[in-house]
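Asks: Number 432 in our numbering belongs to position 432 of the sequence shown; there are no gaps in the numbering.
For the record, the hints were derived by calculation from the structure and aren't laboratory data. Since this is a predicted model, take the numbers as computed values, not measurements. Every residue gets a Cβ at the ideal spot worked out from N, C-alpha and C, and that includes glycine. Check each hint, because a few of them may be wrong.
In silico DSS-like pairs for lysine-lysine, Cα to Cα no more than 30 Å straight-line [stated by the list, open to error]:
1) Lys584 - Lys336
2) Lys271 - Lys522
3) Lys738 - Lys537
4) Lys184 - Lys584
5) Lys537 - Lys522
6) Lys584 - Lys475
7) Lys658 - Lys806
8) Lys661 - Lys537
9) Lys93 - Lys254
10) Lys766 - Lys584
11) Lys261 - Lys184
12) Lys221 - Lys283
13) Lys511 - Lys537
14) Lys184 - Lys93
15) Lys740 - Lys475
16) Lys516 - Lys283
Cβ-Cβ distance ranges computed for the label pairs, FRET-style [stated by the list, open to error]:
17) Ala736 - Tyr113: 34 to 42 Å
18) Pro514 - Glu471: 22 to 30 Å
19) Ala736 - Gly655: 37 to 45 Å
20) Arg269 - Asn208: 46 to 54 Å
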Amino acid sequence: MKKSVLIRAALLCLLAVPAAGQVPAGPQEKMPLDGEVRVGRLDNGMTYYIRHYDNPRQRADFFIAHDVGALQEEDDQNGLAHFLEHMAFNGTKHFPGKGILNYLAANGVRFGYNVNAYTSRDRTVYNVSNVPLVREGLVDSLLLILHDWSYYIACEPGEIESERGVIREEWRRGNDARSRMARKSAEVEYDGSKYARRDVIGDMEIVNSFGRQTLIDFYHKWYRPDLQAVIVVGDVDVDAMERKIRDVMSSIPKAENPARKEVYDIPQRDKPRYGLVTDPETKAVAVKLIFYQPYPSEEERATVGAVSDELARKVFLEMARARLAEAEKRPDARYKRVVAVLGSLATCRNTFMLTALPKEHDMREALAGVLTDVEQIRRYGFSREEFEAARAKVARSEKAALEKYRLATNTDLAGRYVEHFTRNVPYVTPDDRTRIVGEQLDALTCEEVNGLRAGMTSPEGMLVLVSSSEEYMDKVPAEAEAFDLIDSVKRAKIARPERRGKSAGPLFTEKVTPGKVVRTRKAPLGAEEWTLSNGVKVFWRTVPEVIGVRKVGVTAVSEGGFARDSDVEGMHLLQNYIRTMGVKDLDRAGMRDLLFAHDASLMVTLGRTESVFSGASGVADFELLLQLLHLYITRPNFSEQAYGDYLDLARASLGKEKSPKALFAERADSVKYGGHPWLRRATPATLDRFDREAARRLYDKLFGNVADFVFFFAGEMPAAEARPLVEKYIGSLPAAPKRKFAKTDFRIVPGAAEYDAVVPGAVTPKSSIERIYHGRFDYTPENYAALRYVTYILGARYLTTVREEKGGTYYVGVHDEVSARPRGYCQLVVSFDTDPKLCEMLLGEVQKGIERLAAEAPSEQEVNEAMLYFRKVNAESRSKNLKSTSYWLNKMRAEYFDGVDLDKDNEALFTAVTPAEVRRLAREILAQGNRYTAVFTQE
């Protein structure tokens, strides 16, 4: 059967296509909006959207969207839109001070998780999500919060002064080399437009000095009902909610003589442009070609044509990616790799961007190479075979996207209504979207997609954007050189692309003798345990109604990891190679080509304590998933070509000078883990001795004996159907006796350990701090629940002290980690960035915080807030978890290896924790005297 016929069959299976005689929707036809959404407009101009929805049940989301952002700022107001967003949580008419956050926390709604906001150049959105609908008064209060955010943010002088420090630290946190390079790139990409002069965070001189009235004036000029929408999505009565919104929001005054909102654009170019961005701290070296295309107008976005055009762009992208992937494999390739992506610059232009990574930092050669390959596409286009393969790939990705679209949460739907209000993107039912995407993709032709070449690859209006470290500026093409290259490539003789060879045959051709299940028993968690004739244990858990496209998951685990061999440097090399390794004679790209019409994937990972196979598939491709498992064990690809290419990359990587941050991380880990032998890294000498035969021997030792593994399966497939396939592909594998290994601890050294490093020459002084309290831990569900309370309460307290009172950081991260093997152990990790001058003081606040919790039990209010939050989160996650393969795989794995399942979503456990237990656990952790501190300072 011809490949194109197979592709066509796959396409028909992946997406719904119109029935015979049914006429697909035309491009000018309006996308049908979801009729379940109630949309209205108040007399003051405010828009509202209300939708009854119950994912999750008994919850609702409350949004207010403002169709304004940083673009509305004048030059002397740069940063005010973002500052105002912060002030929304620092006092309003009906909720002074931290009233909003305190009220919501008392109802299980947590700042930064369920309560948040964002500001962009063109819109500002505040949201309170997953609110438990436990009483009518709570709903009324939520609407009052939106009401206050619309017009009554207090902007009290004291709160403004406190928040200046927080925003300075947010700026500091985001002012690293990567962020600065991104901002400089945006200035070039948006050149000639106001977009280039607004980066949202703003000008710190203005942030540090503006007066209160300036902020108030900006607020009331632009944040007004005619530019606002209130959005409520959840398990609500739509009629009752509409009445409440009208009652509460109608009192907000209508703007008198409102300022006209300007629409900003990017200048249309008809000649190539050139840009160069660099930074004293960057190591990035790349050449980008950015092609600009029209962005659909507000009216066009509402039509079927916008969907069709975007699908055509996606197919074009996949064809270009496949062509460039072939080009980079050529011996004469002039770059290491090219990454192709679609994007947009706000709602001004669509973009097609190619990022070429140069060989030996030679950006001139990389530019010449990628220009030549693009010119070949522009001249000759793509073949029908390339089109069919790309369309099938897009169909598969659209199928997965539509599945997510269908399973939208309340928050997801609210986001769609924000898109409609601010950008006129239609909100469509899953059935309508599936039908229209299927129709338009099926109707798409090779000729239409090839017709996009003029806009997607034309040098007229193209931007050449070069990113370079200061170290390699001698290898950067100057502007005149870049333009000369563009002209010479346009005139050059370029051969037509070679037609791709015949497709490979079937993946699995091995003849195997199936094993048998010789013993079956009921296992915990509703699973079945099968013992195969080769001695391998398999656990199967049938999961009805799995969420997602991939309905079956597998995890196969072998304990030991680095403990199974003494060649630590070799294991580090192997660890990286197997992440992208294929099977038989296929590299990862070859396997993608082979599997394009299937829904299965498998990963191989080597951890410090485990070797793991993990993957998933659709039910129809479950046999393929097992074939991949079989082949990764018996026929991994250690060919001379594949492994040799990897060693070349590894040599290049080892030859690079390490960044100060990478050197700090290595040295800090050495202190942290007491110079543990597992930290030894590969060196150039390792590459010389660790050839492909050595790599294959080590791989076989770690992954080649099926008896070392325990297999866990969960999925929407009856055990009786899966069993014969498991017998065939796992039961047929030869099994040697299990290999023993010495269990080894890899834990932070006991006692107090510290590592500080100061690197001079930073553009922005910054200290990155990590403080870890750690030690023995009684690994039980009850103790884990108490630990989650310790983490929650410390996080809330540090938000108050370190961020708000001291203005010392934008964000304090607090999280916990636990492990059962070889014995119970926990870590309590606190991390944040700050001004180097504040390090000592803020670390003192962190220490005082945990000491206080160990000395004095938290208040009933603090524990109750945490309990309500955990109850809410556990209820939300449990309904999803029960339909998740990864959830059941993790639970079976924990039950088998740890002997206990922490039952992380058990409401009874999390509602039984008392203040005394929180204090007891904090005291136990602190009393062990184990504390690790790392401070990386750039001055």
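Asks: So, for every hint listed, does it hold in this structure?
Replies: Cross-check of the supplied hints:
{"no.": "1", "hint": "Lys584 - Lys336", "result": "holds (24 Å)"}
{"no.": "2", "hint": "Lys271 - Lys522", "result": "violated (71 Å)"}
{"no.": "3", "hint": "Lys738 - Lys537", "result": "holds (12 Å)"}
{"no.": "4", "hint": "Lys184 - Lys584", "result": "violated (45 Å)"}
{"no.": "5", "hint": "Lys537 - Lys522", "result": "holds (13 Å)"}
{"no.": "6", "hint": "Lys584 - Lys475", "result": "violated (40 Å)"}
{"no.": "7", "hint": "Lys658 - Lys806", "result": "violated (35 Å)"}
{"no.": "8", "hint": "Lys661 - Lys537", "result": "violated (44 Å)"}
{"no.": "9", "hint": "Lys93 - Lys254", "result": "holds (18 Å)"}
{"no.": "10", "hint": "Lys766 - Lys584", "result": "violated (49 Å)"}
{"no.": "11", "hint": "Lys261 - Lys184", "result": "holds (27 Å)"}
{"no.": "12", "hint": "Lys221 - Lys283", "result": "violated (43 Å)"}
{"no.": "13", "hint": "Lys511 - Lys537", "result": "holds (23 Å)"}
{"no.": "14", "hint": "Lys184 - Lys93", "result": "violated (40 Å)"}
{"no.": "15", "hint": "Lys740 - Lys475", "result": "violated (53 Å)"}
{"no.": "16", "hint": "Lys516 - Lys283", "result": "violated (55 Å)"}
{"no.": "17", "hint": "Ala736 - Tyr113: 34 to 42 Å", "result": "violated (48 Å)"}
{"no.": "18", "hint": "Pro514 - Glu471: 22 to 30 Å", "result": "violated (59 Å)"}
{"no.": "19", "hint": "Ala736 - Gly655: 37 to 45 Å", "result": "holds (39 Å)"}
{"no.": "20", "hint": "Arg269 - Asn208: 46 to 54 Å", "result": "violated (37 Å)"}
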